[in-house]
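Chains as they are written, first to last, in the working numbering: chain A, 1 to 269; chain B, 1001 to 1269.
To be clear, the hints were calculated from the coordinates, so they are not data collected in a lab.
This structure is a prediction, so every number in the text was calculated from the model and none was measured.
Glycine residues also receive a C-beta, built at the ideal position from the N, C-alpha and C atoms.
Check each hint, because a few of them may be wrong.
[As the list claims (entries may be wrong)] Short, incomplete list of chain A residues facing chain B, as computed with Cβ under 7 Å:
no. : residue
1   : Leu47
2   : Asn48
3   : Ala128
4   : Gln179
[What the hints assert, rightly or not] Footprint (simulated), chain B over chain A, 3 or more residues, beta carbon under 8 Å:
no. : stretch
5   : 22-31
6   : 159-166
Protein chains: 2
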Amino acid sequence: MSKAEAGKVYLVGAGPGDPELLTVKATRLLAEAGVVLHDDLVTQSILNLVGKEALVVSVGKRCGRKKITQAAIHELMIVSARRGLAVIRLKSGDPMIFGRAGEEIDALREAGVPFEVVPGVTAASSAAAFLEASLTDRRVSSKLIVLSGHHAARTAPGLALWPGTLPEDATLAIYMPGQNLAEVAVSLLGSGVPPIMPCVAVSHASRPQAAYAASRLSGLAHLPTPFAPTLLFVGYAFEAVLNRDAEPERGCLDHLAALASSIRPDSIE
Amino acid sequence: MSKAEAGKVYLVGAGPGDPELLTVKATRLLAEAGVVLHDDLVTQSILNLVGKEALVVSVGKRCGRKKITQAAIHELMIVSARRGLAVIRLKSGDPMIFGRAGEEIDALREAGVPFEVVPGVTAASSAAAFLEASLTDRRVSSKLIVLSGHHAARTAPGLALWPGTLPEDATLAIYMPGQNLAEVAVSLLGSGVPPIMPCVAVSHASRPQAAYAASRLSGLAHLPTPFAPTLLFVGYAFEAVLNRDAEPERGCLDHLAALASSIRPDSIE
């Protein structure tokens, strides 16, 4: 264990949102950083762990509304490191899964700036923990497939999520599935996923407002998702979640949607 | 943030091995636990974080040499919780990926024992951080597929790792690939993976003895793996790792194998 080094960039996973699900290393580095460049999805309770002397810059690109280009992020990292600061590039979840870390690593390597990657808890792990359903289960699921529903990560808009037939014993974790679950359902049915396959949309796993909604694939197009789901699970591993939905103590999106509609809009964050 | 509850079981991810890559929550729970039931792969430096009053039991099933049955693990968890202890079931990596958490959750549910899952950093994330190669990269890889090479997780021994054709823009992370990489290579070639596809075997990522060996799929059968690789990556995302192998400062399994053979066996842990 050594202190955050001056003139170095740390690509750090911020985990799913709960500050207690940061790694010990990430927590320490945030306290020691000179500059923190963070994505939109990083929560305020995590940013509160940054030392008071540090400069904190949001470099998020929320929903296509680009505030800052990828090239500008590279420039910011490189310039800050060359000025002798310890730079934290903070990404939600794990930096190596849908985080554009590949491009940032190439830029740092080319610039000759020393860097280190600090892994984090990815969204699929925290959503599975929230749902109390294992991602793999030797009885029904021997594989985990992590996909992105976000167009930027796919070759072209409207392209199938999967080319060809999906194996039935796989668990799918679709990150950023978007609001158009009908399009997702059509794509999965086209890949041979049976209509009875359980689907669970999860938002804000690990945070107080965590919620989910579950249905069979045949009903996915009509699943109520009042909050932007951050992840969509598909697979027999979630059969128990479907059966559990009748239980009153489980927070579920339907319930929260009804609750939300009874609250005045200006009282919602 | 609340203290570890008496009479409750926590299924906790221990992460890849480095104690600094535990979550803050896991670290806290380990200090507060009454009983810790851990797998073989959990490192001593992590077990050192357990409080002095706690009972620590290894319930590992190393390489088929079964010391304890899965049913006995369930029994231990349930009995300990019913005696009013805070029970930590500590699993390497993330508990929901190849950790038999599904069966343990079913047993706890059936016994009416309260439980909670605490996610951890999975091996693929820490191995990618070690290799400085992103698991997904919109330029070459839009999907991550997590498989197990271990027979127990597959339907039958000798069965193909993947049924049908694997997409070329996927990154494969094969957990517990075993020593027989020739068998893995044959299986992947049979699934249409091109012989030029980069492969990287990684062992002990995040730990001081971390090492890797890289080759094309065509050479995978002859890859020297003196240490049991914990993970095998396959995909174009690792092209840069192959090209980097000439650099003298990178630890590589070939180099370490030569080093190890020059050390007297009794000085190796």
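These are the hints, each one checked on the structure:
Because the closest C-beta pair between A:Leu47 and chain B is about 15 Å apart, greater than 7 Å, the hint is violated. Hint on A:Asn48 is violated. Least Cβ distance to chain B is approximately 13 Å, over the 7 Å limit. At a threshold of 7 Å, the smallest CB-CB gap from A:Ala128 to chain B is about 4 Å, leaving the interface hint in force. Hint on A:Gln179 is violated. Least Cβ distance to chain B is approximately 20 Å, over the 7 Å limit.
For a cut-off of 8 Å, the count of residues in the stretch 22-31 of chain A with a CB near a CB of chain B stands at 6, and the three-residue condition holds. Residues of the stretch 159-166 of chain A with a Cβ under 8 Å from some Cβ of chain B number 4, which satisfies the need for three, so the listed coverage holds.
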